[in-house]
Structures are given as structure tokens and as C-alpha cells.
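Colleague: These are the residues of each chain, in order.
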Amino acid sequence: MFDKSHEDIGNAIHQAQIEALGIPADDRFQIFQPHDAGELKFDAGYNGVDRRSLLVIRVTAVHMYPVATKRVFFQAVVDKLAPLGIRAQDVLISLTENGFEDWYAGKI
Amino acid sequence: MFDKSHEDIGNAIHQAQIEALGIPADDRFQIFQPHDAGELKFDAGYNGVDRRSLLVIRVTAVHMYPVATKRVFFQAVVDKLAPLGIRAQDVLISLTENGFEDWYAGKI
Amino acid sequence: MFDKSHEDIGNAIHQAQIEALGIPADDRFQIFQPHDAGELKFDAGYNGVDRRSLLVIRVTAVHMYPVATKRVFFQAVVDKLAPLGIRAQDVLISLTENGFEDWYAGKI
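Chains as they are written, first to last, in the numbering used here: chain C, 8 to 115; chain Y, 8 to 115; chain E, 8 to 115.
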């Protein structure tokens with residue numbers, strides 16, 4: 008499933024960032040990492056959900072979004088992944104923050 | 008070595024998290040990433056230890072553990088990896104913290 | 008290109024860390040992750056640069072460097088990658104910080 012919709016998954020997550028976080032449409036840097044069977048280990052019932060698979064989304068972003076905005080973003084991600092056949096229950100998102108001064112994107 | 012004890016390494020680290028950090032037993036999300044020769048570059052003597060190999064453990068956790076608890080956790084990890092033949096000297100752990108609001112685990 | 012200069016890229020980044028951040032020469036832990044075509048998704052024009060490829064450098068370091076030092080580090084990285092044929096425009100650096108107490112390097 009992951010291999011087939013490689014491009015679609017990237018587009019969905021990027022679109023959620025544009026709509027929910029308000030980032031520029033051309034601010035896109037995404038790394039996809041396929042995994043062999045068994046490399047993703049997870050509990051099928053944690054947090055009271057029925058988990059069958061796992062798509063891990065790790066986001067590094069500048070510290071500036073309120074908690075409410077983060078929730079809107081998470082919801083937007085799973086809403087846009089749903090049409091691809093990816094269940095909300097199978098998504099894990101982890102956000103890590105840094106500062107504006109912690110990025111170099113092609114020039115100082 | 009890494010391939011053989013894939014599952015065992017995951018169990019050891021998870022058990023250390025349960026015992027030292029007090030996380031729920033079903034709060035388990037682990038990503039394993041095998042590497043080809045040369046992809047892990049490290050100094051064999053840094054920090055005054057005799058390093059022969061390298062197992063990198065990167066943990067992302069909510070910011071809430073005191074320094075002393077982190078040390079207990081690190082010690083628990085290497086104690087539980089030792090029976091698998093993994094030397095404490097060959098372990099590198101890096102902890103990065105975020106907030107409760109930075110996680111989505113299957114539902115809002 | 009990435010495969011050929013695997014070792015050179017690592018040396019260049021490490022040397023930049025020594026010179027710009029002042030880290031000890033033996034404090035070296037680097038993970039290289041090759042990617043198949045399409046796994047790195049990026050916008051070719053973001054930030055007003057002409058991007059043709061992408062080398063993503065993710066650094067986790069203890070929180071202690073002033074903003075000016077970070078800029079010097081970024082510049083040092085691209086300056087040392089240039090002789091390898093890696094264009095500054097094609098480099099993305101993302102720095103994430105933690106504390107001294109968040110590292111285990113072979114011993115407590």
C-alpha cells in the first residue's frame with residue numbers, strides 16, 4: 008500500500024501543512040523511508056484504537072503553532088489520507104520543534 | 008548481530024522504558040533501520056570508551072522526565088541489552104523531547 | 008554522487024562541526040541513509056534558490072550555540088561540501104537541540 012501511493016501520501020501531507028499550518032506551497036521537503044516487515048513495531052490497541060498497520064509521520068517544524076492549530080493539522084492529515092485507503096487509526100504523527108535559526112535551505 | 012536479535016533489541020528497549028520511565032506497556036512504537044557497512048560512522052574512542060560497533064537508539068518522548076530518571080533509563084537500556092551480547096560501550100542513545108500536544112496516535 | 012563521496016561527505020560535515028562549533032575531533036557519530044529515486048521530495052525553487060538535487064543533513068546537538076554560530080556552521084558545511092561537487096543550493100540542514108543529560112555515549 009505504501010509503495011503504491013508513495014506520491015499521493017506526500018501530496019496529502021503537504022496539502023495538510025499548507026491548509027492547516029499556513030506554510031507556503033513551495034516549502035516542501037519530505038523524506039520517505041520504506042520498511043521491511045517487522046521493522047515497524049507497534050501495539051495494536053494503544054490509545055484505545057484498533058490499529059492494523061502503521062504509517063509514521065515525523066514532522067520537524069519551527070516552534071510557532073498553538074496547540075489548537077496542531078490538532079487541526081493532525082485532523083487535516085488523516086482526513087486527506089483517508090481517500091487513499093489509509094485509516095486514521097493506523098497513523099502516528101510526532102512533531103518536533105526547533106527555531107527559525109535552525110534551518111539552512113540552500114542559502115543563508 | 009543486529010538482524011538476529013531484531014525482536015529482542017526492541018523488547019529490551021521497550022522493557023527499559025516501562026520500568027525506568029513508567030510508560031504504559033502498550034505504548035510501543037519503534038522503528039528499526041538496518042544499515043550497510045560504513046553508513047554508521049563513529050569514533051572508536053570518544054568519551055573514553057572502547058567502542059567496537061554502534062547501536063544508535065533515538066528516543067522521542069514528552070518532556071517530563073528529570074535528569075536522574077533519564078540516567079536510570081539509559082542504564083536500564085544497556086543492562087537489558089547486555090544479555091543479547093550488546094556491549095554498553097557500543098550503545099549511543101539520543102533523547103529528543105516534545106510536548107503532549109505533539110503526538111497523534113490514531114485519534115485526536 | 009552520494010555513493011561515491013560517502014566518506015568525503017561525512018568528513019566534510021564533521022570538519023565543519025569541529026571548526027565552527029568547536030566540538031572535539033573524536034566526537035563523531037554520523038548516520039548515512041541512501042534513498043531511492045523519489046523518496047526525497049522537494050520543491051526546486053523554494054527560498055529563491057535553483058535546487059537540482061537534495062542532500063538533507065539533520066543534526067542533533069546540545070542546546071548551547073548562539074544564532075551567529077549556527078550560521079557560521081551552516082556556511083562551513085556548504086563551503087566544505089562544494090569541493091565535492093555538492094552545490095550549496097542543494098543542501099538542506101535541520102538542527103534539533105536537546106540537553107547534555109539527553110545523551111548516552113557508551114557510559115553514564
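Don't read these hints as lab results, they were simulated from the structure. Hints are not guaranteed to be accurate.
To be verified - Taking lysine-lysine and the DSS-like style, the derived pairs with C-alpha atoms no more than 25 Å apart in a straight line are:
1. Y:Lys-48 with E:Lys-87
2. Y:Lys-48 with E:Lys-114
3. Y:Lys-114 with C:Lys-48
4. E:Lys-114 with Y:Lys-87
5. E:Lys-87 with C:Lys-87
6. C:Lys-48 with E:Lys-87
7. C:Lys-114 with E:Lys-114
8. C:Lys-87 with Y:Lys-114
9. Y:Lys-87 with C:Lys-48
Colleague: Hint compliance check: list the failing hint numbers for this structure, sorted ascending.
Modeller: Hints 5, 6 and 7 are the ones this structure does not satisfy, whereas the remaining hints hold.
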